[in-house]
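There are 4 protein chains.
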Amino acid sequence: MDVLQRRLAQFAAARGWEPYHTPKNLAVALSVEAAELVEIFQWLTPEQSAKVMEEPESAHRVADEVADVLAYLLQFCEVLGVDVLDALAAKIERNELRFPVTGGPTPNRHSSE
Amino acid sequence: MDVLQRRLAQFAAARGWEPYHTPKNLAVALSVEAAELVEIFQWLTPEQSAKVMEEPESAHRVADEVADVLAYLLQFCEVLGVDVLDALAAKIERNELRFPVTGGPTPNRHSSE
Amino acid sequence: MDVLQRRLAQFAAARGWEPYHTPKNLAVALSVEAAELVEIFQWLTPEQSAKVMEEPESAHRVADEVADVLAYLLQFCEVLGVDVLDALAAKIERNELRFPVTGGPTPNRHSSE
Amino acid sequence: MDVLQRRLAQFAAARGWEPYHTPKNLAVALSVEAAELVEIFQWLTPEQSAKVMEEPESAHRVADEVADVLAYLLQFCEVLGVDVLDALAAKIERNELRFPVTGGPTPNRHSSE
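The listed protein sequences derive, respectively, from chains B, U, R and G. Each residue of the first sequence is one higher than the one before, starting from 1 at the first, in the UniProt record's numbering. Each residue of the second sequence is one higher than the one before, starting from 1 at the first, in the UniProt record's numbering. Each residue of the third sequence is one higher than the one before, starting from 1 at the first, in the UniProt record's numbering. Each residue of the fourth sequence is one higher than the one before, starting from 1 at the first, in the UniProt record's numbering.
Okay, chain B solo, but in the shape it has when bound (with noise of 0.2 Å):
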């Protein structure tokens, strides 16, 4: 992941995309690159989506999107000196204890996970 975001970095600086890279915008351009990767799911049924990936354009289509999501996390972190994989770690720290496991069925999913 290093590597790639060492990549990202040096494709944008030897176009001269510095400074449409700001933070704010690469937070924006991540959020429109999460709406088209829900874009391929919205008018599914929750088992039609499970599918995606049997077909070779939706496949793609996925791969394409998540890929872009990715690329524009990793800059943003980048641009702002966050290690992402720091942050995740301490975040799955902090869920394990704001969400025990208990031994009765969970009643629902909380939305605020």
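It is worth saying that the hints were derived from the structure and are not from the lab. Wrong hints could be hidden among the right ones.
Remember, identical chains collapse to one label, so a pair may be satisfied in a single copy or spanning two.
To be verified - Below 20 Å or equal to it, Euclidean Cα-Cα: the simulated SDA-like pairs (lysine to any residue) are:
1) LYS51 <-> LYS91
2) LYS91 <-> GLN48
3) LYS91 <-> GLY81
4) LYS51 <-> GLU93
5) LYS91 <-> PRO46
6) LYS51 <-> ASP64
Once you have looked at the hints, place chains U, R and G on chain B.
Relative to chain B, chains U, R and G alone:
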């Protein structure tokens, strides 16, 4: 990243959340978290947006939302069997062909990078 | 709607918020509010999503987010001088040509309506 | 607006799209359209964003996306029986209490208006 991806899968399984984690729901959750990241920046000027890590409170919020975005991205890729690093490497290669480096100044960053 | 649009403009002017209300920021704020509306539904099944107005708490949240979306949409249109009702009427006409009603069953709803 | 809301409902009914138009799907579609509106602005400076209506192509795109956002907002409100103008009027009243007009300068626009 593999380790984190496995921990996230175990986390969801231990809490009985798997039925909620359809690809559609995870893509939607990813876009909601991306919007929460954007929210931090929505009224900031480009200059202010470059300084969000200087204040502990907004720095923490940024790290938290970035972690959430990656968490849903990894869970989405897990349920669909997509290798996100492979997808990104392939995308960078395609983009290097689509956006060749020119000697002169780049007139305008293309919106559909 | 005109009356509400004018009240929103006066509201922002009275608080000195106009410098923040660039078209870009208002479009971004609109997308953030749309995500907050989506968040209410993110883990619900299609069937559960049809019942959100039955609980007072989620009913209130839905009304609140819908109001926010319309508020930013109207403010966005105000600063750019776009007549949103005209735009929608024109769009419906174009869509009536693009998606003619056929006698038989519709195979699959087109994603880019 | 009532007329347009009814035309949208008839449009969907005539094409057999009602099963797709769950509240969840319509909220998601609304957020996807909001992101398409944002995409127009994502690499623009605040100053450039104020001029999008000067170019016929971007002016048309803006009008088109604004129409899509309103279309899904109205369809969402239709299926859930929400009166969006009432909701907005109530919200403006609450906001007038929450954000009283002060004599002095507003220090910083509050992000969770």
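Unsatisfied constraints (hint numbers, rising): Per hint list: 1, 2, 4, 5 violated.
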